[in-house]
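So the chains spell out like this:
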Amino acid sequence: MSAAGNGIEVEQLVREYKKGPRAVNGIDLQVAPGEIYGFLGPNGAGKSTTVHVLTTLLPPTSGTARVGGHDVVKEGPKVRSLIGVALQEAALDPLLTGRDHLRLQATLQGVPKERRKVHADELLERVGLADAGDRKVQGYSGGMKRRLDLALALVHLPRILFLDEPTTGLDPQSRTAMWEEVARLRREESVTVFLTTQYLEEADVLADRVGIIDEGKIVAEGTPAALKAEIGRPSVHAIPEHEEDREKIAGFLAQFGEPLATTRDVAVRLRAGLGLTDIVRAVDANGVRIADLELRAPTLDDVFLAKTGRTLEGAQEEAEAEQEERRA
Amino acid sequence: MTALAAALASPSLSQVGAIARRAIVRTARQPASVIPPLVFPMALMAVNAAGLDSSTELPGFPTDSFLAFALAVPFIQGALFSTMNAGTDLARDIDTGFVNRLALTAMRDWSLLFGQLSGVVVLGVFQAVFYLSVGLVVGVDFAAGPAGIALLLVYAVIVSLSFGAVGAWLAYRFGSGETIQALFPVLFVFLFISSMNAPRDLIGVEWFRTAATLNPVSYMIEAVRSLIIEGWNWQALGLGFGFTIAIGIVALFLASRALRTRMTRT
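If you read the sequences in order, they're chains H and G. Using my numbering, you'd call the opening residue of the first sequence number 24 and step up by one each time. Using my numbering, you'd call the opening residue of the second sequence number 59 and step up by one each time.
Honestly, I wouldn't trust all of these hints.
[Unchecked claim] Beta-carbon label-pair distances, calculated as ranges:
1. H:Ala344 with G:Arg166: 35 to 45 Å
2. G:Phe98 with H:Gln111: 49 to 59 Å
3. G:Gln239 with H:Thr87: 40 to 50 Å
4. H:Asp144 with G:Glu236: 33 to 43 Å
5. H:Gln35 with G:Ser70: 34 to 44 Å
6. H:Ala55 with G:Leu211: 53 to 63 Å
[What the hints assert, rightly or not] According to the in silico footprint, chain G covers these stretches of chain H (three or more CB under 8 Å from chain G):
7. 75-84
8. 125-136
9. 262-274
Don't read these hints as lab results, they were simulated from the structure. We treat Cβ as the ideally placed atom computed from N, Cα and C, and that holds for glycine.
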């Protein structure tokens, strides 16, 4: 795999903030040309810092990164000419229209004057904003802003696209529309996509390969299928009908596999050769009532749990609590 | 293609033009940014002209029309509004991440600074034309004639550029619209301790006269005033233009340095 062409290569990348933690702590990763790479992790894991370094907005403290064959430190302008970026905060000017934004972006990116209008029309059409293109952005919904942000990232036909949590806060319909467009870009235009997300489903649906980052380090990497296969065995999740039965259920379920740390239910990762029927028999034999019993195939959350000892949701809550504490 | 046409078609000038256009469009779409710089200086001038008209009877007062005397002040006051508007807009761009969006394009750093300042200059000239028009409508004679009016418009360009650069420096340095708005009254103090309401040699309070003499804003006002009520006073013009250009050079230097720090792209 090579960063020449449209790939990305990162070696031992570190980014430290003054008076702050090491946001990115020695990561290595490679993204092949035309691949969608999902960078999955909770808030504060180091996803956005990595994107800022790869897009030349932040210099790394140490390590190297090459994007499209160019060093992000020594060849910033060359890297910028190859990439399109939609950062986490869709920084749009509320007083400009969608078309104003596209015109400004196209001029700054050096799109020839005679192409700008046609190109803006095409992009507005493609992201479903043709009717709203002449409206000020202050009247746009969150989904419309995200779609405009994507159109702006595509204005100079980049070969590599960085999308930093492109669907955070979007309704399911807007999220699906965004996924379809990203998938189309890869399929029809062979654009390499580096996508950060905190949504398991997004990484699972879109990404060819996923890197899971936690506390600045990549804890797992591979195709979603391979990562889940690594976990291998399914898990059983039981919700007791009566809360006081929780401990009893946990006790007899433990004989079927290793307990999982969850908050809502009692769960175990099943040992090889065991199935749901074994659990049902045990529930019956122990005389407890179960409100809900579910057999789940491994998910990326299970991968995260196996690698970090926390669920992604739990890590998210921890990160938010830490942020609150720092603010206080 | 002529050299000028080639220069105008160059990517950098297109970038400056695009940023300037954005600055003008967003200001034009905010009546709160357009109307106060036009109305407040005129209102202050009207109030002062009504209340201080009798001061024209003081021996040595350079004109018998206080309105003509006071018309110079809006040019500087309007430029101060431009400082705040340019600074606040830029600080908002930093705060919202819009500067990051621009930094990710092929834009050169100085295109952002000069684009924003070009927008400020266009608005500054628009304000100057408005103040001049009001002056002509209320019967103020321009002693320096049409050439003086033309020079006044050139001065409007320079003072908008210089004060706009101060605003840009504050924005890049502090990155916060609130900080700039908090500094605005401080900038206005310079206006109020100047010769805005009386010639320096007629200011009776000694400390005030000294402060007004040390204050560059006095010389800026006096340069404009000289064109309106005296004609061609080269000393006043030299001092006014000199201080304005000096402030502009220092502010542009500081703003471009702060911009480099702010835009940390590699």
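Results for each hint:
1. Range check, Ala344 (chain H) to Arg166 (chain G): Cβ separation about 43 Å, and the 35 to 45 Å hint holds.
2. Distance hint check for Phe98 (chain G) and Gln111 (chain H): the Cβ-Cβ separation is about 39 Å, which falls outside the suggested range of 49 to 59 Å.
3. The hinted window of 40 to 50 Å between Gln239 (chain G) and Thr87 (chain H) holds, with their beta carbons roughly 43 Å apart.
4. A hinted range of 33 to 43 Å for the beta carbons of Asp144 (chain H) and Glu236 (chain G) is consistent with their spacing of about 39 Å.
5. Distance hint for Gln35 (chain H) and Ser70 (chain G): a CB-CB separation of about 37 Å, consistent with the stated range 34 to 44 Å.
6. Hint check: Ala55 (chain H) to Leu211 (chain G), Cβ distance near 59 Å, so the stated range 53 to 63 Å holds.
7. Here the stretch 75-84 of chain H counts 5 residues with a CB under 8 Å from a CB of chain G, which clears the bar of 3, and the coverage holds.
8. Counting residues of the stretch 125-136 of chain H whose CB lies closer than 8 Å to any CB of chain G gives 8, which reaches the minimum of 3, so the coverage claim holds.
9. Remark: the stretch 262-274 of chain H is not confirmed as covered by chain G, as 0 of its residues place a Cβ nearer than 8 Å to a Cβ of that chain, below the required three.
When the structure is compared with the earlier hints, violations turn up for hints 2 and 9 and for no others.
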